[in-house]
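> Here is what each chain is made of, one letter per residue.
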Amino acid sequence: MESTLQQQISAMKQSLLDEGFVDGHFVELELLDDGDNPQFTEEIVALFFADSAHLIADVEKEIANDPINYVKVDKILHQFKGSSSSVGANRVRLQGTKLRESCKDGDVESLKVSLKQLKEEHATLKEKLDTYFQLVKQLRSEEKTVGHPNEEHVEMLAENQLTKMAITKDEEVDVVKGTGNEPGKVVTEEEAVKVVSDESALIVAN
Amino acid sequence: MGSAAGEFLRRVLPEKEKAGLSDHSSSGLEELHVLAVDDSHVDRKVIERLLKISSCKVTAVESGTRALQFLGLDGEESSVGFDGLKINLIMTDYSMPGMTGYELLKKIKESKAFKKIPVVIMSSENILTRIHRCLEEGAEEFIVKPVKLSDVRRLRDFIMRGEENRKKGNNHKRKLQDDYGMSPPLSPAPSLALDCEISSLLLPSSSSSSSPECHPSKRPRLRVED
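Keeping their order, the protein sequence lines are chains V and C. Using our numbering, you'd call the opening residue of the first sequence number 1 and step up by one each time. Using our numbering, you'd call the opening residue of the second sequence number 207 and step up by one each time.
Okay, chain V solo, but in the shape it has when bound (with noise of 0.2 Å):
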């Protein structure tokens, strides 16, 4: 049985990447996500949110004193671009590059215009982010009340294992659904359902 929810969060993971706000990092973030924190990517761009939104009001006041100190302005965006790179915000990132490259023009009004855009990508970056959290946060409990995971999410879940395991391995791995007659390593479905009731089971326990 297909679940609309595991649809709508594979859904609006795929439009965040293909529309730029996220980019591969983010994915890689996401593979941190285990038994011990299965939000650790939630938690991490909370604190992005949190420290960024410091950094943009630091250069909003610096932008507003006269004459401006660019080089304490280009040390702030220089910590934000960083931190943006480290979560995947791509689109974030970017413009805060467009707004560091504008403050070597000393042009204050187009600086101010700039920063405007930041302040509007964050904000944008932020709600689909909270939304698509959201989703994520309500399929754990979904299973958790549910007790049975659904096959997508399996699917998902037993994919996002063999990815990490390759990782950790540094492995090329092929990916197939098989028929369980091919040589090699077979992880069967009911592997897989292991591996996330095992995991499920940790996270009712915490």
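Source of the hints: derived by calculation from the structure; they are not laboratory data. The C-beta atom is built at its ideal place from N, Cα and C for all residues, glycine as well. Among the hints, erroneous ones may be present.
Some, not all, of what chain C presents toward chain V, calculated at C-beta under 10 Å [claimed, not checked]:
#1 Leu256
#2 Ser330
#3 Pro352
#4 Lys354
Calculated Cβ distances over 10 Å to all of chain C for the following chain V residues [unchecked claim]:
#5 Ile9
#6 Ala11
#7 Glu60
#8 Glu62
Capping the alpha-carbon separation at 30 Å, the derived lysine-lysine pairs in BS3-like fashion look like this [claimed, not checked]:
#9 C/Lys251 to V/Lys61
#10 C/Lys251 to V/Lys144
#11 C/Lys322 to C/Lys312
#12 V/Lys75 to C/Lys313
#13 C/Lys251 to V/Lys128
#14 C/Lys251 to V/Lys98
#15 C/Lys322 to C/Lys292
#16 C/Lys251 to V/Lys72
#17 C/Lys312 to V/Lys72
#18 C/Lys313 to V/Lys72
#19 V/Lys13 to C/Lys251
#20 C/Lys258 to V/Lys137
#21 V/Lys61 to V/Lys72
#22 C/Lys258 to V/Lys144
#23 V/Lys75 to C/Lys315
#24 C/Lys315 to C/Lys292
Fit chain C to the given chain V structure using the hints.
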């Protein structure tokens, strides 16, 4: 039971040369202890998580000064004996207020107690002269941020091989380049046939655009067929 979810085939191809130590749990070694230094709260949390997921013990500090304090190199009378302190790897950000990662690297390499510890520099900026300077000063590797799970895994394996060699009484200091059969840094750009991971050692992002804004998504090769 045939079902829509079906069965997944994980075909491992081709098996890479392992130095017999890819599985940490079978190595019989203790957990690696890594000291991570980064002034960014977000980056500290990420590197901490990456290392924990890779079965390493982590101490994360926010500055070079704190790092030296932790190592007992700050010139203060150390109240606690550091005999028990075993750090296997230091990972430090390059640009930090106060003491840069480069300055921290120098201090570590100047200290008798810690100069043998591998130091890895992380930086969001892909600047050749900076990379060169760090490697010249004895940095083991220069990683362009954002740091990925594959970077950490590769480092961990490298450190563990070094520890294993040390245990066996092999004092030959293995360089990461030797393991991969590569030439030293700043030689002509590696061919595209090299692993994505390896290209982060030499001339980061050289296999893609050299623009600092370019963040190639270096993911494991995973093909999903329906």
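> When the structure is checked against the list of hints, which entries are broken? Sort them ascending.
none
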